[in-house]
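Just so you know, the sequences run in chain order A and B. Residues in the first sequence are numbered from 1 upward in steps of one, following our numbering. Residues in the second sequence are numbered from 1 upward in steps of one, following our numbering.
There's no promise every hint is true.
[Claimed, not checked] Derived CB-CB ranges, DEER-like: (1) B:Leu374 x A:Glu295: 26 to 34 Å; (2) B:Phe539 x A:Pro174: 57 to 65 Å; (3) A:Asp177 x B:Gln410: 31 to 39 Å; (4) B:Glu321 x A:Thr399: 47 to 55 Å.
Hint data in this document are derived by calculation from the structure and do not stem from the laboratory. Where is the CB? At the ideal position from N, CA and C, for every residue including glycine.
There are 2 protein chains.
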Amino acid sequence: MSGVTSRLSGLLGHFTGSPAPAPFEHRFNHHTLSPTFFLPRAAAIEPNAEAIYHVTANNKILRRTYSETADRARGLAYFLKKKGFRRVGILCPNTPAFLESIFGIAAAGSINVAVNYRLKQDDIAYIFEHGDVDVIIVDQEFTNLLDIYRSQHPSIPIIIDTDTDATEGELTGPFDDAVLEGLKYDSETGAQGWAGLEAQAADEESLIALAYTSGTTARPKGVEYTHRGCYLAALANVIESGLNFNQGRAKYLWTLPMFHAMGWTFPWAITAVRGTHYCLRKIDYPEIWRLLKEEHISHFNAAPTVNTLLCNAKEAERLPEPVRVTVAASPPTPHLFEQMTNLNLHPVHVYGMTETYGPITKGYHLPEWDHIPLKEKYQKMARQGHGFITSLPVRVIKTEVPEGTITDVQRDGKEIGEIVFFGNICAKGYYKDPDATRKLFAGGVLHSGDLAVWHPDGAIQILDRSKDIIISGGENISSVALESMLATHPDILEAGVVSVPDSHWGERPKAFITVKEGKSLEGADVISWARTASGISKFMIPREVEIVAELPKTSTGKIRKNVLREWVKGSDRSVGN
Amino acid sequence: MSGVTSRLSGLLGHFTGSPAPAPFEHRFNHHTLSPTFFLPRAAAIEPNAEAIYHVTANNKILRRTYSETADRARGLAYFLKKKGFRRVGILCPNTPAFLESIFGIAAAGSINVAVNYRLKQDDIAYIFEHGDVDVIIVDQEFTNLLDIYRSQHPSIPIIIDTDTDATEGELTGPFDDAVLEGLKYDSETGAQGWAGLEAQAADEESLIALAYTSGTTARPKGVEYTHRGCYLAALANVIESGLNFNQGRAKYLWTLPMFHAMGWTFPWAITAVRGTHYCLRKIDYPEIWRLLKEEHISHFNAAPTVNTLLCNAKEAERLPEPVRVTVAASPPTPHLFEQMTNLNLHPVHVYGMTETYGPITKGYHLPEWDHIPLKEKYQKMARQGHGFITSLPVRVIKTEVPEGTITDVQRDGKEIGEIVFFGNICAKGYYKDPDATRKLFAGGVLHSGDLAVWHPDGAIQILDRSKDIIISGGENISSVALESMLATHPDILEAGVVSVPDSHWGERPKAFITVKEGKSLEGADVISWARTASGISKFMIPREVEIVAELPKTSTGKIRKNVLREWVKGSDRSVGN
Chain A
1 MSGVTSRLSG
11 LLGHFTGSPA
21 PAPFEHRFNH
31 HTLSPTFFLP
41 RAAAIEPNAE
51 AIYHVTANNK
61 ILRRTYSETA
71 DRARGLAYFL
81 KKKGFRRVGI
91 LCPNTPAFLE
101 SIFGIAAAGS
111 INVAVNYRLK
121 QDDIAYIFEH
131 GDVDVIIVDQ
141 EFTNLLDIYR
151 SQHPSIPIII
161 DTDTDATEGE
171 LTGPFDDAVL
181 EGLKYDSETG
191 AQGWAGLEAQ
201 AADEESLIAL
211 AYTSGTTARP
221 KGVEYTHRGC
231 YLAALANVIE
241 SGLNFNQGRA
251 KYLWTLPMFH
261 AMGWTFPWAI
271 TAVRGTHYCL
281 RKIDYPEIWR
291 LLKEEHISHF
301 NAAPTVNTLL
311 CNAKEAERLP
321 EPVRVTVAAS
331 PPTPHLFEQM
341 TNLNLHPVHV
351 YGMTETYGPI
361 TKGYHLPEWD
371 HIPLKEKYQK
381 MARQGHGFIT
391 SLPVRVIKTE
401 VPEGTITDVQ
411 RDGKEIGEIV
421 FFGNICAKGY
431 YKDPDATRKL
441 FAGGVLHSGD
451 LAVWHPDGAI
461 QILDRSKDII
471 ISGGENISSV
481 ALESMLATHP
491 DILEAGVVSV
501 PDSHWGERPK
511 AFITVKEGKS
521 LEGADVISWA
531 RTASGISKFM
541 IPREVEIVAE
551 LPKTSTGKIR
561 KNVLREWVKG
571 SDRSVGN
Chain B
1 MSGVTSRLSG
11 LLGHFTGSPA
21 PAPFEHRFNH
31 HTLSPTFFLP
41 RAAAIEPNAE
51 AIYHVTANNK
61 ILRRTYSETA
71 DRARGLAYFL
81 KKKGFRRVGI
91 LCPNTPAFLE
101 SIFGIAAAGS
111 INVAVNYRLK
121 QDDIAYIFEH
131 GDVDVIIVDQ
141 EFTNLLDIYR
151 SQHPSIPIII
161 DTDTDATEGE
171 LTGPFDDAVL
181 EGLKYDSETG
191 AQGWAGLEAQ
201 AADEESLIAL
211 AYTSGTTARP
221 KGVEYTHRGC
231 YLAALANVIE
241 SGLNFNQGRA
251 KYLWTLPMFH
261 AMGWTFPWAI
271 TAVRGTHYCL
281 RKIDYPEIWR
291 LLKEEHISHF
301 NAAPTVNTLL
311 CNAKEAERLP
321 EPVRVTVAAS
331 PPTPHLFEQM
341 TNLNLHPVHV
351 YGMTETYGPI
361 TKGYHLPEWD
371 HIPLKEKYQK
381 MARQGHGFIT
391 SLPVRVIKTE
401 VPEGTITDVQ
411 RDGKEIGEIV
421 FFGNICAKGY
431 YKDPDATRKL
441 FAGGVLHSGD
451 LAVWHPDGAI
461 QILDRSKDII
471 ISGGENISSV
481 ALESMLATHP
491 DILEAGVVSV
501 PDSHWGERPK
511 AFITVKEGKS
521 LEGADVISWA
531 RTASGISKFM
541 IPREVEIVAE
551 LPKTSTGKIR
561 KNVLREWVKG
571 SDRSVGN
């Protein structure tokens, strides 16, 4: 055991026998809805349960218990309190330090500002400045991404996580030093443990995090997450994704970026049921298949594009035990659902946005669908469905009415309107942007900007974001629907469809296609197949199909339509972001 | 189709195409936590899912969908609104009418007062009077239990449920008439459907029900249940009892009385996941086994005594699929856990009281227990464990300190203290009884009155209610522990232990025993076995053991120790209650 380890062990030992978190409020029959509490609770119930599994930056396997994880979050919290840091930036991949920071920052009564590390340096600088951070926790690999920010804000301290802790308890680097300093500070100032922290916020409507949107067209916006919202979204995710199966022993793989909508509140949801967080520095398909096979992962979340590549990886084979895969981000194709099910990967289809803490609807599976043709079944599963258990119902409203007027579309599966939300799973607003907040909540509902139809059975189905609808000869063509149909071609991996100007029809669709490994296709083949064998309506058939090596995507796996539109205009075919 | 049916169909048809429940509040990112909403939500997501299975009073099988059930609750709500009824008494066994009333009464913005039908007539009269009811929904079989109340309150109307609806949709009796009248009233006054009702309460801290305690020693007290409390307790029960397993298709058998602590909030919890409520007029072991085998029940809740008799019924046989049995009321014996597990009935061990909406702790099963001796494992499973996912932690506090002082006992598994609760899963107080409420919350925690130890691993374990501890020669004897040890004898069905005065030791234990069918035992046999083969500590061995035909129990299955104490004094051995 190294010196650092024994230092930590000594400090931790000091608290092993300490009392459970004391109550933070004595209103008898009331406590604030705060998700931070799930961590000390997990450590109190099952201290030796494995909270974290991780392959470190230097390629060692780290396993950490709930007791250790809670101690580390507690140490970070006291460090932040000691230093008086109130806004804490996070710039990390899905590491243990990221996870511990989410809990530690909130326990200090501070707000976290986690940033997408795939953004450009000046966007990162913009977010940390806009979010008023007074310290930044950064992964060693990403320190250079702070160059612009630090040149402008040289006085803001950074805490580097080296991500090199080993399983035998060895601690390394500045992040660990901060944790140790915090534990020491607590022991020297009353040794209150969790009782001296805010595992319960004083006010459940207060902020726990700012989650910045990716900002494809404008500057990123800081979505305000409340304690109550995160708590109720996390409970819903436990129930809707079935995280409490297997006696609460979910083994959850972090394929979804934690920075994205606070990992859809899964840092709290998994901890609430004492599941194991399988952290993951980057998406690596052979490694994901290794974890699925060797570590018996039971749950993960991923965008359709990740699932598509996963299903087509050469390591893919049917798993002996079912895995629940919560799928969102962009509408999955029926074809993908079928592929996944064949590998024993069972999709839980959800939909939401940063402004709704991630998922807020689910395509609930109805037993009666087991008696309809498979194709029809997968089509039904691909719909966005209904509001979550802790949400109010979602609605689809008419867009052609005076602003602020809320009128539902017909439930006929045909009339197109905008999806809107309301209730507890809606964020509070945009930080320092009252105009955008007013617009977001115009008429008293949260506007998604997504276009959809409302089916007679009550389920909603996304067509497109309004700007992605192609209007050709007076017909509305859903680019999403067309992509979905193209993806049923046996040799097509993925499709991205955008409009191109057409002198006769106004607009017409153009498809960019990637081809499966080992297969070859020409654009003309696809068009001819679309005409004869695809079942695609005549007016929707693309007259241009271009085969490309890769499609441009956001960090969360959405196809970047704005880049495809640039390609149409003749810009170079780089997929960088 | 009868005339009544077509009347209902006509009215229901009127609403089939009506919009989803409208928002009840437009605070953008906030809605009140109200469990009533789970019913219209279930009907919107899956209208044809089976909400109710029931064998009626006239022995027909009734199956009712969520769409029908929501329509009926809505009809009752409008009937109550039309008549202006604000406090609604319920005196029913576990029937569809009871379940629908829980939702319908709350949707009308009224409060339900459900009564234990096994109470004496004057206690029933006391509760309805104390609860200020202005109408009573009563099952045909129980109308005579209202004789005393009605002689005192002749003007309070009653609505009789005949419980004779058949599966083909035939409606019969005054309860159905009220439902139809309500639907008609809505259709004539704007046809607002659920939008005109309170599926969301205006204030989440307002009352939804008064749940009366059984009042073994004093008059029953009316425990005030809030919308927020019921909502959060129901979500916890979904997670803790795993009601969301099998794609949300729980088949829940109503062995627990719905009147008892509002059925532990399971009317809402089961509905939240669109499970089927298997209603049950009375506990009937052959019928329960039929439902387990033929209808593939997946979950039920029951006191240990019900489970004991169930395991010893002649129909008992190992079930092919696991059933989750949520067990509470009094501490189960390790022996019972073992028996149940052998039949594929898997205990989820919870603990709580009327003042905590039923369950508030769970004996969380730790995987590491699978590697310890079976006897030790079942002993650990029999502990009350830790606070629920939506509760704050439970504590065990010293009783020998000035009143209002809250000091934890040592976590040594030895020091005895009182279990106390706080936070959202605590009820608001006692209706019209500020003194009792102050006493309940003395020092800012909810006092359970149950004595327990706190183990080093953080789990709590009940010993006894303070009056049930036997102090013999300076040693504390837990009557619960002794009962548990006696029940390991192969021929003993159940044991009840109380203290008897002893000139030398102060007190000593006396056991009353029931013997399994087909077995015979004398008191002396038990004492001799206890001395030689039981492992019972010498100071605990009962010197008096009396074999009886039946033990006196409360309606919720707890052994009535006060009656056993009367028996000790020589009163007759009637078990009536």
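Hint check results:
Here the CB-CB span from Leu374 (chain B) to Glu295 (chain A) is close to 29 Å, well matched to the stated 26 to 34 Å. Here the CB-CB span from Phe539 (chain B) to Pro174 (chain A) is close to 59 Å, well matched to the stated 57 to 65 Å. At roughly 35 Å, the beta-carbon separation of Asp177 (chain A) and Gln410 (chain B) lies within the given 31 to 39 Å, and the hint holds. The beta-carbon spacing between Glu321 (chain B) and Thr399 (chain A), approximately 49 Å, falls within the hinted interval of 47 to 55 Å.
Violation of the numbered hints given earlier is absent; every hint is satisfied by the structure.
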